[in-house]
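Chemist: In numbering that gives the first Met the number 0, the protein residues as written are 0 to 294.
Honestly, the hints are just simulated from the structure, not real lab data. Cβ atoms here follow ideal geometry from the backbone N, Cα and C, with glycine treated the same way. Take every hint as true, because none was put in to throw you off.
Taking lysine-lysine and the DSSO-like style, the derived pairs with C-alpha atoms no more than 30 Å apart in a straight line are:
(1) Lys61 <-> Lys204
(2) Lys176 <-> Lys99
(3) Lys281 <-> Lys154
(4) Lys83 <-> Lys184
(5) Lys204 <-> Lys233
Distance windows between CB atoms, simulated:
(6) His12 <-> Ser87: 29 to 37 Å
(7) Glu156 <-> Leu82: 27 to 35 Å
(8) Gln95 <-> Asp68: 35 to 43 Å
(9) Leu7 <-> Arg94: 45 to 53 Å
(10) Lys33 <-> Lys179: 46 to 54 Å
(11) Lys33 <-> Gly285: 31 to 39 Å
(12) His180 <-> Gln234: 22 to 30 Å
(13) Lys293 <-> Lys237: 20 to 28 Å
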Amino acid sequence: MKVEIECLACIIHRGYLEIAEATPQPYLQFRAAKSLLEYMAKEFNPEGVAAIIGTMRDRIIKRITGNQDIYAEKKRLSNKIALKMLPSLEEVIERQASPKRRFRKACLASIVGNIIEFDIPEHDVNFDELENFFSAAEEDLAIDDISEIFEEAKKAEDVLFLTDNAGEIVFDKLLVKELKHLGAKVTVVVKGGPILNDATLEDAKVVNMYEIANEIITTGTDAVGLPLLEEQSKQFRKAYDNADFVVAKGMGYAETLTEMRLKKPHAFLLRTKCNPVARYFKVARGKNVARLMKP
0 MKVEIECLAC IIHRGYLEIA EATPQPYLQF RAAKSLLEYM AKEFNPEGVA
50 AIIGTMRDRI IKRITGNQDI YAEKKRLSNK IALKMLPSLE EVIERQASPK
100 RRFRKACLAS IVGNIIEFDI PEHDVNFDEL ENFFSAAEED LAIDDISEIF
150 EEAKKAEDVL FLTDNAGEIV FDKLLVKELK HLGAKVTVVV KGGPILNDAT
200 LEDAKVVNMY EIANEIITTG TDAVGLPLLE EQSKQFRKAY DNADFVVAKG
250 MGYAETLTEM RLKKPHAFLL RTKCNPVARY FKVARGKNVA RLMKP
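Kindly produce the complete structure, drawing on both the sequences and the hints.
Modeler: See below:
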């Protein structure tokens with residue numbers, strides 16, 4: 000998924016907000032801003048991928064400001080709030096009459112969790128309204144391949160689950176549990192280091208993902224979406240190659256995996272929080288997407 004000219008405003012806007020959050024020191028703020036603008040002048044072009052450019056942006060800011068986890072407090076709060084909401088969603092899923100209905104509700108909860116992302120222009124995270132988004136999950140579902148995803152999941156023996164954000168990973172537990180009920184071994188993947196508000200091993204521990212997943216690994220690095228091949232750990236590469244079904248959460252994985260020739264079925268579960276991603280999937284902004292892509 001290539002960048003559009005609209006991505007420029009988002010990348011710079013998020014960079015500004017991250018720099019302001021990362022350090023109160025004006026001289027460091029200006030150094031980081033200058034380095035970011037120099038990078039953008041060289042690398043922002045029609046062949047770019049927003050997730051890769053965003054990764055480089057954040058690495059510049061972390062290197063210059065020295066703040067390695069800019070969203071740490073927001074991640075902590077997201078996990079705390081999501082964990083409080085989890086029991087009521089578990090009850091909803093348990094009330095479903097069939098495995099297919101449970102799977103559907105778990106998919107929808109996981110997708111709605113993708114709302115929890117900060118500093119995207121015109122996208123606000125209001126935790127007080129999150130329950131309303133769960134209630135409207137079906138209504139907001141612009142692409143509904145959940146039945147097809149369910150059929151692929153039933154056939155899968157080895158599922159790789161690529162998580163996205165902190166807080167969101169709490170609701171991912173519901174879907175991981177349903178995948179296991181269908182008989183799959185589920186390997187959950189988090190980021191290898193802090194990047195935006197993406198989930199890391201620390202978040203997986205805090206939300207007790209270890210109690211559900213068969214295995215938890217990292218991508219091997221702090222990259223948005225799928226890391227460049229040279230940055231992927233051998234453990235991640237082996238897990239990705241060996242999986243017969245992949246669940247990919249969020250816009251970052253959609254932006255990067257759509258640049259690849261997929262060799263196995265992938266379920267893309269996300270909220271379209273920006274116009275370029277919405278246009279790629281041919282839906283409106285602010286909609287839920289459950290898209291199955293096959294080789």
